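*Asks:* Take these sequences, add in the hints, and give me the full structure.
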Amino acid sequence: MKYFAIILNLNGELEQQARKGWQLLKQNLSIKFIASNSPCPHITLESGFYGNQNSVLEAMSKVAKNTLPFTIKANGLGVFVQESPVIHIRWVNNKALIQLRQALAKELIERSCDNPTDSILGYQVNANWLPKTTLAFKDSSYDTLPKALRILKPLVFDSILEVKKLALYEYADKQPEKQLDSISLNK
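When we follow our numbering, the leftmost residue of the sequence shown carries the number 89, and every step to the right adds one.
Hints were generated in silico from the structure; no laboratory data involved.
Check the hints yourself; a few may be wrong.
Claimed, not checked - Under the rule of at most 25 Å between Cα atoms (straight-line distance), these lysine to any residue pairs were calculated in the SDA-like manner:
#, residue 1, residue 2
1, 150, 111
2, 150, 232
3, 161, 90
4, 120, 233
5, 90, 241
6, 241, 150
To be verified - Label-pair restraints from in silico Cβ distances:
#, residue 1, residue 2, range
7, 167, 136, 16 to 24 Å
8, 142, 260, 36 to 44 Å
9, 213, 184, 16 to 24 Å
10, 115, 263, 41 to 49 Å
11, 120, 159, 17 to 25 Å
12, 262, 238, 25 to 33 Å
13, 167, 209, 18 to 26 Å
14, 238, 269, 33 to 41 Å
15, 156, 116, 21 to 29 Å
16, 264, 104, 14 to 22 Å
17, 201, 246, 40 to 48 Å
Quantities reported herein were computed from a predicted structural model and do not represent experimental measurements.
Heads up, the beta-carbon is just placed ideally off N, CA and C, and yes, glycines get one too.
*Replies:* Written out as structure tokens, the structure is:
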């Protein structure tokens, strides 16, 4: 089954640093699952739902029209301890980012209740959401974690990201993510 995700693609210096991190992990440790399966380093705002693509784009458009571009600050690297460690860029949550997610949740929920042929299915608000950009997962391990962190240490993940667009991704098991569309925030 194919699912949708609403994404903030990285851009500028932070995108370059994240892509360099992907490249270094691949060259030195053969850690490449995320880099090979994602078109761009990103922050996932909402994911795990499916249904009518036009309904999702309408929800995104409505939110984008009422949201001014804003900035968020990267806050170094972090690791989530799971079966395969998740190495990620941390982000400082701010009012604009929280409001963007709340507006998206409202629009997605509204479209989850309409005509089944026109609706969004499987959407649930993720109360445990944290803003992050995954650099390594699935093929990372605790044996390679210290070396992976040493490799990534010289990269700078503490600058500002300008958020100007929302992107719609599609993903499914054993298939790479694919960007379907992007919508600019209100200028």
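*Asks:* For each hint, tell me whether it holds in the structure or not.
*Replies:* The hints, checked one at a time:
{"no.": "1", "hint": "150 with 111", "verdict": "36 Å, violated"}
{"no.": "2", "hint": "150 with 232", "verdict": "44 Å, violated"}
{"no.": "3", "hint": "161 with 90", "verdict": "31 Å, violated"}
{"no.": "4", "hint": "120 with 233", "verdict": "14 Å, holds"}
{"no.": "5", "hint": "90 with 241", "verdict": "35 Å, violated"}
{"no.": "6", "hint": "241 with 150", "verdict": "39 Å, violated"}
{"no.": "7", "hint": "167 with 136: 16 to 24 Å", "verdict": "23 Å, holds"}
{"no.": "8", "hint": "142 with 260: 36 to 44 Å", "verdict": "19 Å, violated"}
{"no.": "9", "hint": "213 with 184: 16 to 24 Å", "verdict": "18 Å, holds"}
{"no.": "10", "hint": "115 with 263: 41 to 49 Å", "verdict": "25 Å, violated"}
{"no.": "11", "hint": "120 with 159: 17 to 25 Å", "verdict": "30 Å, violated"}
{"no.": "12", "hint": "262 with 238: 25 to 33 Å", "verdict": "31 Å, holds"}
{"no.": "13", "hint": "167 with 209: 18 to 26 Å", "verdict": "33 Å, violated"}
{"no.": "14", "hint": "238 with 269: 33 to 41 Å", "verdict": "38 Å, holds"}
{"no.": "15", "hint": "156 with 116: 21 to 29 Å", "verdict": "41 Å, violated"}
{"no.": "16", "hint": "264 with 104: 14 to 22 Å", "verdict": "21 Å, holds"}
{"no.": "17", "hint": "201 with 246: 40 to 48 Å", "verdict": "42 Å, holds"}
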